[in-house]
Each structure stands twice: as structure tokens, then as C-alpha cells.
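As a plain string of letters, each chain reads:
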Amino acid sequence: MSNAGNPHPPGFSRPGAFYNLPKLCVTILLIVLLMSVILSWLPVVAQVAAPPGSKTTSHHTNNWAVIVCTSRFWFNYRHVANALSMYRSVKRLGIPDSQIILMLADDMPCNARNPRPGSVFNNARQHIDVYGDDVEVDYRGYEVTVENFIRLLTGRLPPGTPRSKQLLPDDGSNIFIYMTGHGGDGFLKFQDNEEITDVELADAFQQMWEKKRYNQILFMIDTCQAASMYKKHYSPNIVSIASSQVGQDSYSHHHDTSIGVYVIDRYTYYALEFLEKITQTSKKSLYDLFKVCPQSTCISTPGHRSDLLERRPEDILVTEFLSGNREVKPTHFTVKLPDTDDRDVNVSECFSCNKEPSKIDLENYKIYSDPFVFS
Amino acid sequence: MRGAFLFSVLIGVVLAVSASEKRVSDTSSEELFISPLKTGHVYLHFKFASSTPLKAHYAHTDYLPKPVVDILEKHSVDELHVRLTQGVFRHSKWGYPILSAPTGGEVWAWFKPDAEGLPEKWKGLTNSLSGLLCATFSKIDTANSLSPKWNFRPEGLVPGGNLNSSLSRYSMLPGENVCTENLTPWKKLLPCSDRAGLGRLLNSIKLLSAHYFSLSLDVTPVCADVACSQKRLAIEITATAVVAPGSLQDTNQLNWSIRDLLEMDLDTGCPLTDKSHILVDQSSQGQMVFWPSSTFTLTHSPSAKGRIAVYDLKHNQTWEKSRGLGGKSTARLEHGTERQPIISAHRFVAGYGQQNGGIRCVIENTHPTAAITVSYLEMLPWFLRVYFHTIRVKSLVDGRPIPLLKSHFGPGRDRLAPHHIEVIFTIPAATTVEFGVDFDFTLLKWTEYPPDAHRGFDVPPAVIGVKLDQPGGQCGDFIFPAEFSQLGGGQMRDTATASSDGQKRDTATASSDGQMRDTATASGCFLRLYTEPLLVSLPTPDFSMPYNVICMTCTVLALAFGPIHALTTKNFKLIDLAENPPLLERVKRKGQLLLTKFRKTPPAVVVVAAEEEDDQQPDVHDEDVKNSDSE
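Taken in sequence, the protein lines are chains A and B. Here UniProt numbering is used: the first sequence runs in plain steps of one and ends on residue 375. Here UniProt numbering is used: the second sequence runs in plain steps of one and ends on residue 631.
Simulated from the structure, these hints should not be mistaken for laboratory data. Incorrect hints may appear among the rest.
Unchecked claim - Result set (EDC-like, lysine to aspartate or glutamate): computed pairs, CA atoms no more than 16 Å apart in a straight line:
1. K188(B) - D133(A)
2. K206(B) - D97(A)
3. K206(B) - D134(A)
4. K188(B) - D129(A)
5. K189(A) - D438(B)
6. K206(B) - D129(A)
None of the values given here were measured: they were computed from a predicted structure.
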């Protein structure tokens, strides 16, 4: 800021300098600019600087999860296993498939190299099949791109996008966003082809905040130099967890000789181990989640950032983000539901009912006499 | 024959009674057709069919999947066919399947005649299907879809009874993977999902380890009976798998059971369906003992040797607790014996290098006496620049060209439309013919290469439609007893095509009054074959980091080379600029300058360089420097 303009130009002290109109104008302009910049920052500062613990409950009404594996090719099997571990956990804890957006850049379970088709394990000893028998992948293969991911978050998808491929949260949504892939300082690679940067991600979150698309976000990322991806966040109510600090690599856990590649990454392996013990009534807080993988087991140093939160991580339950639990408020009074007639009116407002029925003459449907005659 | 008739009457009566009790207008049935193959595999064909009276608007459906019906209604679709397949069906080993499907994904739809904005409707339909079945159908656009002329005719009723092929859209995605994520939403379309009945047997891990696995969804408007007194919307959801029993290696005898193949035990049928049957083909594998003994055996009409055991899951079928349903061959398997399918096709990429190539498809007619007319459809992506004049069909026996009876060529447009080749020709008896076309490869734009560009680019399979003169109405090696599909109310799509004049897909049709139609009137069957999909490698830039580093280093070196070369090889002379040149010299220079302006030749830099003191650029051409030297 100090470089932007000198508040005491040399001409200022000279008598009669007040009549030096152009210089005065420039000075006033500078002061106004400075003030406006400071003022524009004030509300954010106020939000960020709110004393922790001032808000004790989440006040969320619904949960969403966005789970992204950005890596293609068989040797990145572990990244698919990472993403599916998280998918398994949120699904087990009660978030329905309709509220989970799963993006997998490659098909590992049915890959020709997979000796156990239709399954992806978290462990060479095949402890948990994280793919399971009931899975819905919303974006797969070439559909996993930076553009689609940003569009999904900010709700700018092209018309005609099916509902299962849309993130439809509101200002009462707690969103769990998990990303895994190959990254570096300030970027995460998508399909070895393009990158999303920390700034792009932070701006997408800010857009979501401005469009009232979340209440709180839990952002978890397992990649090399993962902490660099949350450094640029500036929107409120985001808590972030990363598998490694800037300048550090993230490490894989172990490899499986029958598939010939690494099975899963360290951070997610231990996070899954922690999450497997969580039930919908668990009282474990985010603080416990921060500690799932100490440096002694992870080799890298996991990082977390909670300064954008209004609440202390100790007060936030893991299940606020990872389960379908909602806050229930018993009322002391009777809520009057609308009369049956009113409801009928509502029903008639539905999309398909108002639609004019098709004018197809069904009687006209006839057998096409020669279905398979060519010549 | 008589048994079938009696059975059909019996079931008809039972259904009539049950229908009067239920107030639902939808019908629903489930069937599993099992055929042990000579190769030691077992062919499984699950078929879940349901139907409802044809309406303009469906506010409610009992058994039909509402999401599918909604999609049809929203996008004005009359007829819809979706296939998702992994693997190639080996016709030479396993024969023809009941339902053919290309490797990868396939969508094919006929729109209502009043549908406005067909391209948007098609895009909307494929997007909806992509969401419904977790497949990448959203990648379908005009660049990989076309309106087939002859190969994909409607299989059900057609508005007005006449065809306008511009109302149809067809697309294939040969690179599509099929996995549990497709099976999961697909199972949710069944009346009982995977909770009861035959749906329970759909064990994803076992099915996905199969040699061939295919899912399909077919929606067609059909007639309820031969007289077409009622029109219905029929939805058929099928799963086909060719699985190998695990115990084959030990004894070299085929020993299979449902429990072994699918790791699931049989149950009673889905309570919501009208019929629930398991049919076991006892004729395709010669010597085999089956258990348990079936309540009813059907000798199917066209060839008396065909025998199908029928197990009715609805009527207290008891399964042996220990063994379930299965069979064991008494003779050892004879490996290497290949079937001789009447018609078979294989396709290859021709040529080498990165500039041009071609496609050759070899089609063989093994019938000793009958010539066969085929309709051949090739959908080539726009990035293969096809030369239509190179299309030729020739006999590989004597090399003579085969005349094209009909042909349709639709040239591709970059990024907008694929090349559409559809030709009809006749293959003489016992002849192999070759279809060939040549093309050039294209360089794509930088951003158009997929992340795995070096894997190659998928070319969708060719489609071969053929009408075989085979008695029996069905071309398949597995004669699926059509009576079964008809009994639930007779609304299957086979009936729709069977009831007209001579062109029937199926003839063993029970009419509404329970009489079997004479099978002898059958004049042929329609068979659709798909060739293998192909991978072609386009000229692809090297996207790897080492390559890019090499490129950058070379550029830097090249840029540095010029000045360094000039500095080290040129002889630099000091010119005393302070010294005033003589007047004559100055006039001469002015004159030269003027002359160069008129000639429009590059000015002699010599002079400029000398005059403009120290403005000498480092990248001055060698020639210019030489000139200055010579001055």
C-alpha cells in the first residue's frame, strides 16, 4: 500500500500549495481509494476475527459430499482407492447416493489389469472392498475435468445436466469435499492433462459462499504438497485438512503384488481406519480427525486450517460433515399443516401436471409392415 | 408342441384369474435362460419384461420404471434401445446371442413425429440416460451420432405405419467401460430390484468377471395380441453373461450350478411379477445330467431335438438345499471344435504409418447354397478423412467386385458429424467378401487430444444386418421359446412384428385364443451382428515432460546460436562516425535511400546501421553484417 502513493508529497508543505489543484485532486483520489480498499476488507476481517466458540451448533439442514479422484491410469490405483474409501464412509454414515457426487477419472474396478473384477480393496489382504456392490459414479473417465469440477461447485452446469450430476446445496448445507491425485505447490493435476490451482479453488469456494451454496465446508485433500491447496482460501466457514505440508510429498501405504501397484495412500488409509469406527452417534470431533495420521505413521506432516471457522474444531463433530445427521428441534406448539384442498392445489402446480398432454394420436400407431427388408 | 400348448392354456387361465383379482394394468415377468455351451462356458440371459397400456401421458406406473417412462415422455421418444457391454461375443465359439450388442455403449432411439428440435431432444435424452445409468452417454453429440437408413428400423409400432429415418438417432461409444456402477442403477429399474426373485442372482462381482457381459434396456410400443386390439408400452431389461464355472480345469467336464456361477441361491420369484421362470436349454450340450428334474419340459417347435426344461419359481418349485439348480456333463469337453455360424465378420485396420490407413471387414457366408443379402453400416469418426471413392466390396474367392444394391454415404464434418456409410450387397453362397475403405489421419487441435491420446482412438464397431432364411423365426443358436414371453399378456415386441404378413421375427407365437401359430409360415429371421471395435493411432504430439523439456532446450539453444555465431565469426571494424563523409558520398547515400523506397526492396542496412550509431540489433542477418563489412 505504501507504494501506491506518498501521503506527503514534497509540494504539500510549500505555502500556496493548496492552490495546486491537480496535485490536490490526486491526493484526495488516493485517500478515497485507500479508504474504499480498507472498507471493503472490513467485513471479511470482522467475520474472520469473530471469537471462536461464539457459535456452538452447526445449524445445517442437509449434507452433501463431493469426492474426486483426478488420476487416470492403472498405476494410480491408489487414488481411486482413496476416493472410494471416503465414498464408502460417507455412504455408510447415511449420506444418500443422490447427495454424493463421485468423480473417478479412470475405471479401476473393471480395468482389464484388475485380477479381482468389480472390487477395489483398501489393503493387500483385502480387508475392505471399498467399491462395494452398490455404487453410483456420477462423473467418470473423460468427464472428470477442471471445468466440470468448477461448474459443479459453482452450479453453472449446462442445461440438461441430469440431477445426479448436479450439486444442489443451499445455505444450510454442510459439504464434504475430498480430492486426491497428483499435486504440487499450489496445484492439483487432473488426468495428467490439466491443473486446478489453489487460487481457482479458493475463488470457487468464494462464489459458493456468495451464492449461498453452503453453511460449512470440510475440505480434505490427499496429494503431495497438499497444504498449498488450502492456503489461499478466504471464504468463511471452511475447515481444511491436508495430507502433507508445502514442500513435502505424500506417501502411499503399501503395495499389493497381485495387482502390481500401490494400494492406497497413507493419509487416507489411516483416515479410513478412523472413520470405520465412527457411527452416526459418535462424539468424535474434527480435532480428533486432525490427529488421525501423526508424522510417525504418515511420514509427511498432515496440515489443517480452521481459522476461517466461527467455531472451535473441538466443538465440531465429524458426523456434522460425514453423516446424514441433521439437527432436530422439538417444538412446544402444534404446527398446522395445510388443508387437503390446499395441498391439491400445490400438487396441480407440479411440472408434469401443468404440461399440455402430447397430441399424439395413439390410434394411429401401426405396425410397420416391413421392418427388416432391405432390398 | 402339445405340451407347450397345454402349458400356455394353463398359464393363460391362471393369469386370467390372477389378473381379475389384481387391479393393476401393468404386467411384469422375469425369466432366466441358461444354456451350457460346448466350450465349457455357461450362457446366462436374464430378461425382465413389463408393459403398460400405451398412453400419451403416464402419471403412474405399477411395475414399469417411472424414471425411464419420464425420460421417454420428456424427450418425445417412441422407441429406445440402450446397450452397455463389456467383451466381444465370440460367434464362432458360442453361436449367436439372443440379443446382440456392440462392445461399449450403444443408444438408439426413434422420436415421435411431432418432436420439435430433434438435436436438443437427442442431447437431452442421452444426458438423462447418462444420469440414469451412470454411463458417459453425455459424451454423445452430433459428432458421434447419425440417423441410420436401413439398419435400425423400429422394432415396435410406428406412428402412421410409415418410416422417416430422420426421426431416428443412433450412437455408439466403443470405449465405454461397464462396471458395478452401471449394474447398480440398472438393477433399481427392476420391479423387485435385487431384493427378490431373479434380480437377487445378479451378483456384480461374478457377472463382471464373466467373459462377456451385457446390459440392455429396450422400450417399444407393441401390440398386446396378434389382432392388435390393445397397444402397450413394453420395457425389456436384460442382462447377458457368458461365464466359466470354476471347476472346469480339474475334470475337463462341464459341471455347473447357479450357486457356483453366481454365488447366490435360488429363491421364489419376485412377488410383483406375473411369471417367474428359469429355462434350461438341455439340447445344446449333448450329454449332460441336469438337476432337479423340471416340472415341465418344452420341446421347442422348429427343431424337434431342442429340449428346454422349465422351472416355475411361482409354483412352489423346491430346490435341493445342497445343490440348487445345475448340470454335469457326462462326457469330456472337446476343445477346439468351432461352430460354423452361417455368417460371421471380422474387421481390421489396414495400412501403416501416421498419414493414411484404411478399414477392411471380412464377411463370410458359410451357407453352401444360399446367397445372403446384408446391410452393412459403418460409422467412422470425423477425424478419419474417408475417401468415398475407395469404398469397394470384393469377393475374396475370385477377386471380383460385388455390386452394391443400395448405398448411402453421409460425409463427415469436422467436429460436427461422423462419416456414415451404409451399403447393401449380396454375398454369394460359400463366399467370403471384403469391404474396404481408405482414409487419411488428421491432426487434432491441441486441446482435443484426450489425456490418454497414445492409447489410440476408438472406432465404433461396424453393424451387419442380415435376414436369414432360417425356419423358426429366430436366428440365434439359443432358441428362446417365444411362447413364454407371450403368455403374460402377449405384449412382447416379438408379437408386434410377428402379426403382420410374412416378415416375422418370431413365429411360435401364442395368439390371444391360445392357439399356436403354425411355425411353417416362418420365412426368416433378422440377425444383427457387430464386429470388433478398433483402435487407430492418430499422429499424436508427445505430451510428456521430457519431450517438452527437450523442445524448450532446443529453442533456447537455437536462439543463442545466432548471436554467438555472429560474434565469433564476424570481423568487427570501428567506423569513425564523427568524421564527416564527403558531400558526394552523402548525396549518393540519399539517392540510394530514395531508390530503395521506389524499388520496394529491403533497404541496405549497411547505411542505416552506420548512421544510427549504436542501435545495432543482435539478430541482424548475417548478410547484412557482411554487407557492412564489405563497405
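Consistency of the hints with the structure:
Between the alpha carbons of K188(B) and D133(A) the distance comes to roughly 13 Å, so the proposed pair stays at or under 16 Å and holds. Distance hint between K206(B) and D97(A) is unfulfilled; the C-alpha atoms sit about 23 Å from each other, more than 16 Å. The straight-line distance between the Cα atoms of K206(B) and D134(A) is roughly 14 Å, inside the 16 Å bound, and the hint therefore holds. For the given pair, K188(B) sits about 21 Å from D129(A) by alpha-carbon distance, which is inconsistent with the 16 Å threshold.
Restraint check: the Cα-Cα separation between K189(A) and D438(B) comes to about 38 Å, which exceeds 16 Å; the hinted pair is violated. Only pairs whose Cα atoms come within 16 Å are accepted, and K206(B) paired with D129(A) is accepted, the gap being roughly 15 Å.
Violated hints, in rising order: 2, 4, 5; the structure is consistent with all others.
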